[in-house]
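Student: Letter by letter, the chains look like this.
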Amino acid sequence: MIALSFRDVELALGGRTVLAGVNLAIGQGEFIGLLGANGSGKTTLLRAALGLVAPRRGAIEVLGKAASRGNRAIGYMPQIRAVPANLRLSGRDFVAGVVNGARWGLPLLGAEGRREVERVLERVGATALAHRALAELSGGERQRLLLAQVLVGSPQLLLLDEPLMSLDPSHQAGVVELVASLQRSLGLTVLFSAHELNPLLGVMDRVLYVGNGQAALGTVDAVITEPVLSRLYGTRIEVVRLGGRIFVMAGAQDMARDTHGCGEHAHEQAHEPSHDHSHGEHAADA
Amino acid sequence: MLEYGFMRNAFAAAAIVALVAGPVGYFLVLRGQTFAGHALAHIGFTGATGAFLIGVAPLWGLLGMTVAGGVAIGLMGERLAQRDVAIGLVLALALGFGLLFLHFVTSYATQATALLFGNVLAVDQATVWSLLGLGIVALAALGVIARPLLFASLQPELAEAKGVSLRLMAVLFLAIVAFATAEAAQIVGVLLVFMLMVGPAAASLRLTRRVGPGVLLAAAFALAEAWGGLALAYETNWPTSFWITALSGLVYGASLLPAALLEAESARPRAAP
Chain Y
1 MIALSFRDVE LALGGRTVLA GVNLAIGQGE FIGLLGANGS GKTTLLRAAL
51 GLVAPRRGAI EVLGKAASRG NRAIGYMPQI RAVPANLRLS GRDFVAGVVN
101 GARWGLPLLG AEGRREVERV LERVGATALA HRALAELSGG ERQRLLLAQV
151 LVGSPQLLLL DEPLMSLDPS HQAGVVELVA SLQRSLGLTV LFSAHELNPL
201 LGVMDRVLYV GNGQAALGTV DAVITEPVLS RLYGTRIEVV RLGGRIFVMA
251 GAQDMARDTH GCGEHAHEQA HEPSHDHSHG EHAADA
Chain G
1 MLEYGFMRNA FAAAAIVALV AGPVGYFLVL RGQTFAGHAL AHIGFTGATG
51 AFLIGVAPLW GLLGMTVAGG VAIGLMGERL AQRDVAIGLV LALALGFGLL
101 FLHFVTSYAT QATALLFGNV LAVDQATVWS LLGLGIVALA ALGVIARPLL
151 FASLQPELAE AKGVSLRLMA VLFLAIVAFA TAEAAQIVGV LLVFMLMVGP
201 AAASLRLTRR VGPGVLLAAA FALAEAWGGL ALAYETNWPT SFWITALSGL
251 VYGASLLPAA LLEAESARPR AAP
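First to last, the sequence lines map onto chains Y and G. By the numbering used here, the letter at position 192 of the first sequence is numbered 192, and the numbering carries on one by one without gaps. By the numbering used here, the letter at position 7 of the second sequence is numbered 7, and the numbering carries on one by one without gaps.
This is chain G alone, in the form it adopts within the complex (with noise of 0.2 Å):
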């Protein structure tokens, strides 16, 4: 399947977004904020469609907008943890102006499903490019970030208490969500983020205890799943989203497997001797 161009740049593509989804998401998830990335995603739409309408490549009109939102729940902090209702109209009324923007373009249809599941195999060289240096600039953030980001996530009061900005890392942190959530939004949609960010993050920390061994279990998965879909939807012609989904949704299964059967060991009542 190598031999296509398109297959090769969808590849590349899966390769460098779930390099990048795997540890952001790893963070993501030890900090609690999976619903600022799924809101994010949503956000993102509106970006899109905003840059299709004024000409612009949807990819930049995507991360425009995710990463000024990142910026914006990472100022307003915990105040918004506790307002779903505040969030969900929010991600609603994002939708809806993504709706409006999709009105005006002509080619509607493919253009909407595209951005809300994902077209890798339409990925071009220059994107490639693009998620790329995207990419690096994630991950080189993210290392720049890493260890105060670790501290404040395990312990903020003591890491206040020592002179780590809660408000600087939450902005930092969520503005690198942001250019992972644009890039992941490439391969699975906006609406399929989460499965690619969350679903291989969520199952690394269930079977790791070590930081960085997890990180990288993450990336792996991330990997693993990106790539499977890859090759699955080329054997089957099925869409690639549906079945990377379904891989991230089987590696979180199987990752829960190991506790319960640990419970269920425990909970067996044992003969007596």
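With the rest of the complex left out, here is chain Y (with noise of 0.2 Å):
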């Protein structure tokens, strides 16, 4: 059964067309990364699938529907600077406010919203820092709530918009690991956006790329190629295979303008290379 699909879809924002001409279809189970530079519609994709941007042509399908809003079998992660960095409020409780928020009346559990709570955060690993304020815990921490949150319900579709943002290398793998744990042993289909490719190479099914105002849906093999992407990214572009690690350039004299590594060179410098790939990083920039 097909999961999500787009069917000559065109989506604009503001007037401006962000993706146009955009057919996919993705199955029940797949693991898809969807990668792309900043502003080229990652985020439009996702939101058109959630219902909260209507395609000014084509048709949005999830799980069989006409894409709506409050569809309660797709969970969402929103990217992370949507949660206020200085919330004191605890873990438990910002996953709390999540079960059955679309209802009106008092925010009270139940035994059985309590239950949810409780499975939810058990399922990420997140039970003994479910008590700590928001605030106080690192961001790999702050993303396996945040994953909790995305699961409330039981959704068979999860959107993850860049859950690696702002992670170092080492919580990044940690994240991915337990995104793909999570789908394979609840059965779900993801699409887990993301500016590197990498980090997801050993766990996606098929990669979803968008530029240019095209998506191209395949393979790592069949679309991270030359002519794929400098289609997508209107301009020359070299793949370079090193190490079971892939490498996008814009322009072979200007090695560190690495396109979608932007966020990349912050981290470097923000922690030690102590991880084992941050050295591969660097002997692929140098």
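Check before you lean on any hint, since a few could be wrong.
According to the in silico footprint, chain Y covers these stretches of chain G (three or more CB under 8 Å from chain Y) [claimed, not checked]: (1) 143 to 149; (2) 156 to 164.
Have a look at the derived ranges for each label pair, beta carbon to beta carbon [what the hints assert, rightly or not]: (3) Y:T127 / G:L216: 21 to 29 Å; (4) G:A264 / Y:A133: 12 to 20 Å; (5) G:G133 / Y:A25: 55 to 63 Å; (6) Y:A25 / G:G212: 39 to 47 Å; (7) Y:A25 / G:G88: 49 to 57 Å; (8) G:A246 / Y:S138: 35 to 43 Å; (9) Y:G110 / G:G163: 19 to 27 Å; (10) Y:A222 / G:L216: 56 to 64 Å.
These are computed hints drawn from the structure, not numbers from a lab. Using N, Cα and C, we set each Cβ at its ideal position, and we do this for glycine too.
Please dock the two separately framed chains into a single complex, following the hints provided.
Tutor: Right, dumping it as structure tokens:
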């Protein structure tokens, strides 16, 4: 069965066309990496699947039904900036605030709601840290709680918007592993947007690459190629494979301007390069 | 002090207002909309003085203007958040109009002071009943929207995706804030509403990590500050509003201490074993 399909979809934001002629079908149980540069339309594509952005033309279907707001079969993780950093609420209350959140009345959980909260906390291994204030948690721990929030109500399709943003490489690997294990054990379909390709290489079934107003869905070997990416970036792209990792370069002379690695450099400076694979990054950049 | 009728009225009014302002303030702080609450109080001043002018009780003029202002701010939504210049201008303009209306009213000085800084000792029994009615409406409305409001405050984008209308939440909540503001202005005046609505809630949010206890603690702080202020005013003969703001500032300052102490503790160099 098809979990998510776009048929000749055109999406616009404020009159500007973001994506056009998008055709894709994602099967149930697939792990799809959604990649592309900043502003290429990754978030818009996710919001369209949620029914928050109406397509200018074409049709979007989620699990066989037209995309519409309030679809309980979808779990959505917005970008992390939505969480105020000074929030002193406990992680458990942060997750509990979502249970039946669209219903009127007092936010009292009841026994069933409490069980649901404990279930999702346990799923992501956050039971022990759920009593702590959100503001006291590290980026990786906070992502666990956001993932718990996404699992509330047992959705079948997860739309995750940049879960790796502003995490250092070791935490990135932890989040990717967690999502992959949830996907396998619960039989979920996952659409995981990211800046960087490499953290997802081992887990994703296919890649959905957006850029230049277009989208390409296929296996990594079919999409991460010079002709396809040159079309999506609108400039000549070189793809370099090095020790099981893939680097996408715009212009051979300017290796530092790794087109989707802008966040990576910030991390290299902010954290000691003590992680195994960050050394690889240095080697490739140098 | 309770042998005086005016003191009994003052304590009853202060209790009603505190029990509304605390919980409403909790959500105001949680949503980061305290400036909107402050703005509503100023806009209310224009309503109150306008009501004087046409011979209506100021409470109703205040309520009318704050509700209209709250709904307008809610409808403008996110766009307003970045426009502090516009908000500031509207605030000052509202105060200016309030001054003009007062100019046409004969009993200028006393009325102005009472509106700006409150005069809880002048609250009569009829006003207490009005406050009770308004308070019940505000708390009941808050009870009805509490769950989606919390959802929309914690995770707006997720709430939107799950079918919660963020704009409807903003409008309904600010209308409730308008009720609470009109109430609180009767006790501490439009200029000091912030201290009774935001002070206790901000302190509670620093001391609690759970929503339910947080709301209750905010209400308890507000009640303690309002009643404490009244008692101190009775003993010292200083203005009640001064004492309420002083207590509110004190409670908020004390709420910062645990975190500051913890930080000092962890920053202190430990002796080597």
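Student: Checking against the hints above, which ones are violated?
Tutor: none
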